[in-house]
Amino acid sequence: MRVLRLATAAAALLISATFAQAQIKIGSVLSVTGPASFLGDPEKKTLEMYVADINAKGGINGKKIELIVYDDGGDPNNARTFATRLIEQDKVDALLAGSTTATTMAIIPLAEEAGVPLINFAGAVQAVSPVKKWNFKTPHTDLMACEKIFEDMKKRNITKIAIIAGADAFGKSMRDQCMTVIGKYGIEVLHEETYQPRDNDMTAQLTNIKGKPGVQAVLNPGFGQGPAIVTRNYKQLGINVPLYHGHGVASKSFIELATPAAAEGVRLPAAALLVAEKLPDSDPQKKVVVDYKKTYEAKTGQPVSGFGGHAYDGLMILVEAMKRAGGADKAKVRDEIEKTKGFWGTGGVVNMKPDDHLGLDLSAFKMLEIKNGDWTIVN
Amino acid sequence: MMAALLQSRYGIVLLIAAGIVLIPLVTPSTFYLRVAILVYIFSIAVVGLNLLMGFAGQVSLGHAGFFGIGAYAVAVGPTHFGIPSWASLLIGVALAGLIAYVVGRPILKLRGHYLAVATLGMGILIAMVFTNEARFTGGPDGMPVPRLVLFDWVVRGVTTWYWVSGVSLVIAAAIAVNLIASPTGRALRAIHDSETASHVLGIDVARYKLVVFVISAVYAAVAGAYLALFDALVTPVTAGFLRSIEFVTMAVLGGLGSILGSVVGAAVLVVLPQMLTVFHDYEHIALGAIMIVFMIFLPAGIVPSLGRLFGRKFS
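Residue numbers (our numbering), protein chains in the order written: chain P, 1 to 379; chain D, 1001 to 1315.
None of these hints come from the bench; they were simulated from the model.
Among the hints, a few may not be true.
Unchecked claim - To be clear about the criterion: a stretch of chain D counts as covered by chain P if any three or more of its residues have a C-beta under 8 Å from a C-beta of chain P, and this derived list gives those stretches: (1) 1024–1038; (2) 1137–1145; (3) 1225–1233.
For glycine and all other residues, C-beta sits at the position ideal for the given N, C-alpha and C.
In isolation and in its complexed conformation, chain P is listed as follows (with noise of 0.2 Å):
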């Protein structure tokens, strides 16, 4: 009976010790598990080792943070019922959530109707456009890829293209945002092609793109292991325009899996974050991203991915609104996280503006190229 009675008043200890420090609350919905936990695991190893760092540090104003993460197992009508529990339960002073495109978009008109400033980690841009009061998002767009892809090729005057495209959520959406943009850069297309994510070999696509005449340059929108198989039909068939391929594949497992040999001069964008220590010391964003991929590989013992790097970017530039705007104030804090100017993250550098809620320009991009096994950066 004593021991529980101990029990009893240490807990009721512990639990009012946590109250009384617990004054600002971030509440989070990524997909922890389920086929989209390779962006939501490293997001919130992500926010839990960087809000401990920003408690132990004395916290926002001498205020600490409180951070609550739900996992929603990828299901937008799970998200969107924790998004509520947050929002009305926990009574979540900002929100960081949404993993996936599809668990955003059910997430953003919760965060909408109640008010709450909401940072979200989606990759597509329907995730940010049309641009809504309280909604923000770190990740940089596929538009953006497809854009740092055109530039790229129009200063090597490709003028005509080829297109093979993975069917799934990845390459369909990259695909049809580069039709979007892709007129203005002059470059046309002269076929298309695509394969299913689980596809295991392109050759006939391939084939197809080979005998067409006038193609100066192939462009592989994709996710997974299918731009690596394509990488590897494309040796195979000894064509010797230039590959490029979307800023989804930019992993060290995707050079092994298509081969060192098979890879080499294939071109891709990709963020700061995988060639960190390569950026030249004169470049702003390299102590962030250093910084950034030494704490996450130290603390989880895990390579670095540029999802948690989103994750990394929305907690900071929360923070930083946070400390502008003196507390945790709602629409105080909304209005600072609008008027974040040239904040370095693991992305690029972010200046958002009333119109843009995204922030970020083409340099958050480096076009890489693969030589001898390994990334270097062009230009």
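Got chain P sorted already, so can you dock chain D onto it with the hints?
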């Protein structure tokens, strides 16, 4: 009184209705109402599935496919074809019933679990169509669903949906109870006990199984349409294989052949994940462990096992 209530045919329905009326009086915020709405919507699907599993003795592993057809009907119909939401809902429900008829008709003539295998494939196929036909369905990212408008009344807001889904669940349960008490229900129970004996008695086994399969598909499609209209968003996850498994689990957990059990099973699986968030990284393990404990100690499902424990017969 309670016992008499539960013995009567509509006792269960009255019990569910009473719960639906009482819950808003004790809930502090709309978050709880949202959870309750999800329980009611899933319950509608599970009541239908439970008719199939509990009475016809057949398992459907593709019920989320029908659920998804209902959901995408109210999304695609108004957006691409200008059909009003209520009409799209009816079209979706009819389509789900038709697909169930076409799939079920040849297969239900066979004895054994062929329906489980066929529906498994069918469910995955339907989900694939939703993922790939991006022109109509928005692909893997899904699409927004326009609000339901009945005459000049826009059905929106958590409180409104609470009563819409609650009343619908009561109607769905009442129809199910009626069905069980009807000659069709008696035939179904006979089939469940012994197919051979029923056959000898002159019951057209295949026909009754088909009827109940179509009814269960209709229930699922209605529930799917409600979920899509309530969330104002639909994605292929709605029709995914895991959701089919979730429905089967709800039915088994609550109690096969029990209408009240269907609601209890849905409630447990919707509410538990919300309560288990305190376990953080271990919530999936906790969920699995709780379900195993339920099945060990309440092997016939929560409602029938507890009913037996207290010496009463729940239907």
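For each hint, the structure was consulted:
1. Beta-carbon proximity to chain P at under 8 Å applies to 6 residues in the region 1024–1038 of chain D; the threshold of 3 is reached and the given coverage holds.
2. As drawn, the region 1137–1145 of chain D meets chain P at 5 residues by the rule of a beta-carbon pair under 8 Å; at three or more, the given contact holds.
3. Only residues whose beta carbon comes within less than 8 Å of a beta carbon in chain P count, and the region 1225–1233 of chain D has 4; three or more means the coverage holds.
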